[in-house]
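Student: Chain by chain, the residues run as shown.
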Amino acid sequence: MISLAGRDILHAWGKFVFTGMGLGLLIGVTLTMAGVYRGMVDDARVLLDNSGADLWVVQKDTLGPYAESSSIYDDEWRGILAMRGVARAANVTYLTMQVRHGARDVRAMVTGISAGEPALPGWPPSLVAGRQITRGHYEAVADLATGFGLGDTIRIRRNHYRVVGLTRRMVSSNGDPMVFIPLRDAQEAQFLKDNDAIRQQRRRTAANPAFNRPGTPGVLEAVTESQTSNPFVNAVLVQVAPGHAPETVARGIRKWKRLTAYTREQMEAILVGKLIATSARQIGMFLVILAVVSAAIVAFIIYTLTLGKIREIAVLKLIGTRNRTIASMIIQQALALGFIGFVVGKITATFGAPYFPKYVLLEPMDSLRGLLAVALICVLASIVAIRAALKVDPAEAIGG
Amino acid sequence: MAGNGIRIEHLSKRYGSGDTAVDALKDVNMEVAPGEVVGLIGPSGSGKSTLLKCLGAVIEPSGGRMLLGDDLIYDGRWRVTDIRALRRDRIGFVFQAPYLIPFLDVTDNVALPSMLAGTDNRAARTRARELLRALDVEHRAAAMPSQLSGGEQQRVAIARGLVNHPPVVLADEPTAPLDSRRALAVIRILNDMAKAFQTAIIVVTHDEKIIPTFKRLYHIRDGVTHEERGQGLSIEAEADAPAA
Ligand SMILES: Nc1ncnc2c1ncn2[C@@H]1O[C@H](COP(=O)(O)OP(=O)(O)OP(=O)(O)O)[C@@H](O)[C@H]1O
Ligand SMILES: [Mg+2]
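If you read the sequences in order, they're chains A and B.
The first sequence: position 311 = 311 (the working numbering), numbered continuously.
Each number in the working numbering comes from the position in the second sequence (counting from 1) with 1000 added on.
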């Protein structure tokens, strides 16, 4: 027996290829959407991996430092370092903002890392060019995605920084590239007010009789001093000593330090389950819509192609073709259409992914799932056409 | 398979029921011997198409008997279990329009009923080619139906109707779209094929050009058949001219 579906497709290949390509673009968009979600999850994982931390210690009862704001005193880390099972601990600040470079500005996550050796958690684990920050002020390590180069001068708030090193794929969970600067500078950047605001605050403090008492001149100075410096960081990153379970160490910190501590798994659950959950649902909604639209297109095309063959189907039935053969002919055509669409879609998505501003991660398993979904959609979409074909009366071939 | 013929006794067919019922066939009696071509004529609405559909087992009669050779096909109910196989293996169809499958080439169009019956592709194609040769369209064997003339398409359709060597071939106005020379050529081919394969062929027609060629005719009026002697004119002379 010859393949009726195959012959029909060869006969009308132009129709199949063109509709397949249209469908393919749609499938390409679908695969890309899935890739955007995977990219977001991967960005989150990369952020956690690159921080080099086993534990994140944050303000009590917050989901900080990424999903909620958190601030803790910048001297807490000493106490944490002294705890059993803690190998290293370091302050870190995160602030997502516009970083100026010449006339343009780039959205970046400015990360303050404490001075010390590069192995401290929070530091970029490796550089693609240049060196790590060595001075306590006004040096920066930027991610390639910012577009900055070695030696560039960038502006964060009122201060200028020289880019001394470059990293690759160091991003926030939002996909914004990271810029590392010394902790002191970062604390200042988070807190810094413009000169007018500082003068205003000084004036108000000085006018307050409680702070400006005749006879105790030191009080006013101390208060103003405390107002202009920022003793807070967003989190303390902790590396656990070998042989200690992160969860046990975290429990100790929670109990004795009255802070909240998250392990790597908990942090990932927060990022994926909470921070990007809304985006994920948004993307899921798009995937559903795209699947429905694809199904509608396949159903419509296959139905139209089948209606155009009613006379031939009547003849086929009259000369003894099984219903099963006719149904499988229609399903095969729908699958062929879906397959062409999938190949076109996969190619489009693969070549299109690098042009997206955020990371698009096309996972082979997603492609496989996509292929199965396309096959399922095609089979479902041919039901209408098959029903129409099975209703055809062989007597129609004889006519009146 | 060849040499069975067909016999119909008191066949009736009623469409619908109650007030709207139509008795399309009331008392149809026919007998066609193997190798014989008979004409079936009658005014519009007399029941010709209905009879053809009953014979072709695409609709069920309401009463009477049908026999293919010695096999009882119908006597108030179907006597064969697989109607589809009956149509496929024992009845050939030729329609007014050729109704070829547009996405199959000429050879496969002819071979298709044979392939559907389970013959392997090569054997089916060989048989198809033999028929195409007999019908003088072998040179178009690789063409697609859309590339053929109307007469060529009709001959390919006849080849398809004959490929399984069915004992009965039903032709519904097979010459309607053809001019008189091509119409006669088709009738001659049907006569030749009937003899060659011992097929009983029933030709429904309105066509004045070909009616005189039948030796025997059935005239149907209001669902009742009357057998008539035809003129049985020889068609050799006219049809010898190259056809379409
Ligand atoms: N499906 C049907 N339902 C009800 N009545 C029908 C149906 N098909 C045919 N008839 C009626 O049965 C009668 C015979 O119809 P049939 O089609 O067999 O005539 P015919 O001889 O083929 O006519 P024509 O030469 O015009 O094709 C007509 O009165 C017709 O209206
Ligand atoms: Mg009719």
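No lab work stands behind these hints, which were simulated from the structure alone.
Be aware that a few hints might be false.
[Unchecked claim] Residues on chain A that point at chain B, a partial pick, calculated with CB under 7 angstroms:
1) A5
2) R7
3) H11
4) D74
5) L307
6) I310
7) L318
8) I319
9) G320
10) T321
11) L390
12) A395
[What the hints assert, rightly or not] Here are the in silico distance ranges between beta carbons for each label pair:
13) A1143(B) <-> M365(A): 57 to 63 angstroms
14) V343(A) <-> A1143(B): 29 to 35 angstroms
15) N1029(B) <-> R311(A): 20 to 26 angstroms
16) V343(A) <-> H1139(B): 38 to 44 angstroms
17) H1010(B) <-> I2(A): 38 to 44 angstroms
18) H1139(B) <-> R311(A): 54 to 60 angstroms
19) G6(A) <-> H1139(B): 33 to 39 angstroms
20) R1221(B) <-> K15(A): 24 to 30 angstroms
Given the structure is predicted, the values throughout are model-derived calculations rather than measurements.
Heads up, the beta-carbon is just placed ideally off N, CA and C, and yes, glycines get one too.
Student: Are there hints from earlier that the structure breaks, and if so, what are their numbers?
Tutor: 1, 4, 5, 6, 11, 13, 15, 18, 19, 20
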